[in-house]
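> Taken in sequence, the protein lines are chains A and B. According to the working numbering, the first sequence is numbered sequentially starting from 1. According to the working numbering, the second sequence is numbered sequentially starting from 170.
If you're looking for bench data, these hints aren't it; they were derived computationally from the structure. C-beta atoms are modelled at their ideal positions from N, C-alpha and C, and glycine is treated no differently. Accuracy of the hints is not assured; some may be wrong.
[Stated by the list, open to error] Computed far set for chain A versus chain B, every beta-carbon distance over 12 Å: (1) A35; (2) E107; (3) L116; (4) G123; (5) D133.
[Unchecked claim] DMTMM-like cross-link-like pairs, simulated, lysine to aspartate or glutamate; straight-line CA separation at most 25 Å: (6) A:K59 / A:E49; (7) B:K443 / A:E107; (8) A:K55 / A:D73; (9) B:K443 / A:D120; (10) B:K443 / A:D133; (11) A:K55 / A:E107; (12) A:K55 / A:D72; (13) A:K55 / A:D81; (14) B:K443 / A:D81; (15) B:K443 / A:E156; (16) A:K55 / A:E67; (17) A:K59 / A:D81; (18) B:K443 / A:D73.
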Amino acid sequence: MMPSEIPAARVYLDVCEVIQRGEEPFARIMAAVNALAADQALVLRVPFEPIPLYKVLGKRGFAHWAECRAADDWSVGFYRDRAPSREEAAAGALARDRTVLDVRGLEPPQPMVRVLEEIDRLGPGAELEVHHDRRPMFLYPQLDERGLIHETDEPEPGLVRILVRRGAA
Amino acid sequence: MSRPGRPRPGSGISPLVPLGYLVCAAAAFLVASVGIVWLGPELAGHYYHPRLLALTHTVTLGWVTLAIMGASYQLIPIVLERPIWGERLARWQLAILVVAVTGMVAHFHLGSWPGLTAAAGLLAVGIALHLLNVGMSLRGFTRWTFTARLVVLAYGGLALTTVFGLALAVSHVWPFLPGEFFPTLHAHVQLALLGWVAPMILAVTARVYPMFFLAPAPRPWHSFLQLWGLTAGAPAVVLGLLGVPGLLVAGALAMAAAAGAHAAWIYEMAWGRKRPGLDWGLRFVLTATAFLAPAALLGVAMATDRLVGPRVALAYAVVTLGGWISLTIVGMMLKIVPFLVWYRAYSPRAGREPVPTLAQLSWPPAEGLAYLLLTGGVVLLATTALVGEADWIRAAGAVLALGSLAFAAALSRVLGHLYAGAQTWPRTPPICSRWRDV
Numbered sequence: 001m002m003p004s005e006i007p008a009a010r011v012y013l014d015v016c017e018v019i020q021r022g023e024e025p026f027a028r029i030m031a032a033v034n035a036l037a038a039d040q041a042l043v044l045r046v047p048f049e050p051i052p053l054y055k056v057l058g059k060r061g062f063a064h065w066a067e068c069r070a071a072d073d074w075s076v077g078f079y080r081d082r083a084p085s086r087e088e089a090a091a092g093a094l095a096r097d098r099t100v101l102d103v104r105g106l107e108p109p110q111p112m113v114r115v116l117e118e119i120d121r122l123g124p125g126a127e128l129e130v131h132h133d134r135r136p137m138f139l140y141p142q143l144d145e146r147g148l149i150h151e152t153d154e155p156e157p158g159l160v161r162i163l164v165r166r167g168a169a
Numbered sequence: 170m171s172r173p174g175r176p177r178p179g180s181g182i183s184p185l186v187p188l189g190y191l192v193c194a195a196a197a198f199l200v201a202s203v204g205i206v207w208l209g210p211e212l213a214g215h216y217y218h219p220r221l222l223a224l225t226h227t228v229t230l231g232w233v234t235l236a237i238m239g240a241s242y243q244l245i246p247i248v249l250e251r252p253i254w255g256e257r258l259a260r261w262q263l264a265i266l267v268v269a270v271t272g273m274v275a276h277f278h279l280g281s282w283p284g285l286t287a288a289a290g291l292l293a294v295g296i297a298l299h300l301l302n303v304g305m306s307l308r309g310f311t312r313w314t315f316t317a318r319l320v321v322l323a324y325g326g327l328a329l330t331t332v333f334g335l336a337l338a339v340s341h342v343w344p345f346l347p348g349e350f351f352p353t354l355h356a357h358v359q360l361a362l363l364g365w366v367a368p369m370i371l372a373v374t375a376r377v378y379p380m381f382f383l384a385p386a387p388r389p390w391h392s393f394l395q396l397w398g399l400t401a402g403a404p405a406v407v408l409g410l411l412g413v414p415g416l417l418v419a420g421a422l423a424m425a426a427a428a429g430a431h432a433a434w435i436y437e438m439a440w441g442r443k444r445p446g447l448d449w450g451l452r453f454v455l456t457a458t459a460f461l462a463p464a465a466l467l468g469v470a471m472a473t474d475r476l477v478g479p480r481v482a483l484a485y486a487v488v489t490l491g492g493w494i495s496l497t498i499v500g501m502m503l504k505i506v507p508f509l510v511w512y513r514a515y516s517p518r519a520g521r522e523p524v525p526t527l528a529q530l531s532w533p534p535a536e537g538l539a540y541l542l543l544t545g546g547v548v549l550l551a552t553t554a555l556v557g558e559a560d561w562i563r564a565a566g567a568v569l570a571l572g573s574l575a576f577a578a579a580l581s582r583v584l585g586h587l588y589a590g591a592q593t594w595p596r597t598p599p600i601c602s603r604w605r606d607v
């Protein structure tokens with residue numbers, strides 16, 4: 001059950017494929033945790049409930065919620081278990097309706113699958129910020145077909161950023 | 170509205186276009202491998218034989234060139250981030266190329282030079298349409314990366330090879346080319362290999378192998394040696410064969426340096442990759458790279474006259490065309506075809522319902538069998554070609570033909586998803602049973 005006080009701004013990280021490849025997802029998860037803003041929650045997609053991780057992040061002041069969508073498909077959220085200061089809240093207000101999805105380092109077509117899955121959950125007025133290795137030329141037609149508006153830029157070498165939002169109804 | 174010099178997001182070519190090219194290429198590969206069994210006695214003799222010319226062009230045009238052109242219609246949007254200009258043009262071009270290549274192979278087989286010249290003219294039209302399509306796709310292109318430079322170099326090589334080949338065909342009917350025949354023929358072959366196929370493979374692998382292996386792109390010295398080795402080496406080898414002998418050895422050494430840098434990068438990348446497991450497609454491309462060593466050694470040995478004669482030339486052709494180029498293409502197709510089929514059949518449903526992964530589209534037992542038979546067959550064929558024993562060449566051809574059948578079966582299984590994709594895909598089974606101890 002998802003508590004009502006968790007932050008609306010969320011960063012999504014899918015480690016299913018990393019685990020499937022036999023790699024250790026811990027470093028990637030901790031990097032995402034360390035990059036979280038004060039009023040952001042990290043939503044992990046994992047193939048099972050990561051119970052030991054609750055303890056690890058709990059020691060760092062993170063609360064969690066878990067949602068079992070299928071036996072092999074879990075969404076687990078982590079957020080700071082305290083109210084943000086006024087400054088933190090003000091800084092986070094800008095990012096309230098924007099979720100960040102980092103698909104760098106995934107083998108095609110997993111980046112496209114992850115983006116399309118996330119878009120399906122995108123509410124009205126919300127934005128999805130995708131971090132990609134390259135301009136996803138095969139994703140753009142899919143976004144257009146689904147009536148989504150998208151903009152692409154390259155803020156730094158090796159990072160392509162795609163901002164996706166729903167068009168006016 | 171799109172601005173000049175920037176990709177126009179949202180436009181995409183139908184996956185059926187590159188798939189059409191790749192299926193035709195795979196069919197040519199199968200025909201060529203069966204042809205080796207049939208042409209064992211001819212392969213034991215001198216390589217300049219009408220039927221062997223038919224076999225060679227089945228491989229170089231039907232298999233290699235169609236595969237590269239088809240792959241380029243998928244990969245140009247990925248590696249150069251440009252949409253393809255004309256989808257309809259690409260479809261027409263395929264039809265023209267299939268007719269032209271079939272006509273050339275048939276007329277080579279019959280030894281009919283006027284018919285061959287007409288078919289070669291049609292081929293030139295098809296290739297010109299491809300160059301037009303790619304050229305228009307790259308209008309306003311400004312990001313001249315390593316890959317982009319090599320792609321342009323490759324298309325320049327394709328244009329020159331086509332003109333050269335057409336001139337050779339016309340010269341058979343109305344002799345006009347100066348100089349000795351065989352050095353001119355060798356120059357045409359080397360222009361195709363070193364000016365068209367080699368730069369295209371080096372260009373594309375620099376962008377897609379890091380995606381497949383989850384590894385870094387080539388380091389600057391790798392890129393420098395590959396780019397300048399090819400840029401200097403290919404023209405030097407061709408001019409050396411055409412009448413400037415001093416350039417031949419220098420060109421061969423430059424090409425060997427480019428090949429060495431390419432192989433060094435690939436094995437360094439494979440060693441330091443983040444992806445722990447290797448699928449059969451990646452095993453194919455790694456094994457293909459190993460054939461660069463004997464190809465470069467034989468090339469330098471022939472350029473310095475340490476090894477001479479038709480048997481060595483045939484072994485060089487087998488190692489280069491059959492080993493490095495063909496096995497690389499097979500490996501790439503085992504990665505590209507599943508993606509195209511997945512994109513066509515499942516991407517519209519991705520995010521809305523469970524869809525299969527690429528691995529679930531593939532047929533690893535058939536791919537593994539193809540790997541064993543094709544790699545073993547190439548080694549056997551190179552050895553028997555060097556010896557010149559017809560029965561053993563036929564045996565090697567039979568191994569290759571079985572490998573091609575296994576490869577075709579693996580591709581057919583993937584292509585079947587174009588129709589099976591209309592059905593609902595079941596949920597992916599559990600992929601891991603426990604969380605690692607963090």
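> All hints are to be evaluated individually against the structure, with a verdict given for each.
Evaluation of the provided hints:
Taking the minimum C-beta to C-beta distance to chain B, about 18 Å, the non-interface status of A:A35 holds against the 12 Å cut. Its beta-carbon lying about 7 Å from the closest one in chain B, A:E107 breaks the requirement of being farther than 12 Å from that chain. The Cβ of A:L116 does not lie farther than 12 Å from every Cβ of chain B; its closest approach is about 3 Å, which violates its non-interface assignment. Every beta carbon of chain B lies more than 12 Å from that of A:G123, the smallest distance being close to 15 Å; the non-interface claim holds.
At the 12 Å boundary, the C-beta of A:D133 falls inside the reach of chain B, the nearest C-beta of that chain being 8 Å off. With a CA separation close to 18 Å, the supplied pair A:K59 and A:E49 stays within the 25 Å bound. Note on B:K443 and A:E107: the hinted pairing holds, with a Cα-Cα distance of about 11 Å set against a maximum of 25 Å. Only pairs whose Cα atoms come within 25 Å are accepted, and A:K55 paired with A:D73 is accepted, the gap being roughly 21 Å.
Straight-line distance between C-alpha atoms of B:K443 and A:D120 comes to about 30 Å, which puts the hinted pair past the 25 Å bound. Our distance criterion of 25 Å between C-alpha atoms is met by B:K443 and A:D133, whose separation comes to about 15 Å. Between A:K55 and A:E107 the alpha-carbon distance is near 31 Å, which puts this suggested pair outside the 25 Å criterion. For a cut-off of 25 Å, the pair hint linking A:K55 to A:D72 stands: about 21 Å separates their Cα positions.
Restraint check for A:K55 and A:D81: satisfied, since their Cα atoms lie roughly 13 Å apart, inside the 25 Å limit. With a C-alpha separation of about 34 Å, the suggested pair B:K443 and A:D81 falls outside the 25 Å cut-off, and the hint is violated. Between the alpha carbons of B:K443 and A:E156 the distance comes to roughly 23 Å, so the proposed pair stays at or under 25 Å and holds. For the proposed pair A:K55 and A:E67, the alpha carbon gap of about 17 Å is at most 25 Å, so the pair holds.
For the suggested pair A:K59 and A:D81, the alpha carbons sit about 11 Å apart, so the restraint of at most 25 Å is met. Straight-line distance between C-alpha atoms of B:K443 and A:D73 comes to about 24 Å, which keeps the hinted pair within the 25 Å bound.
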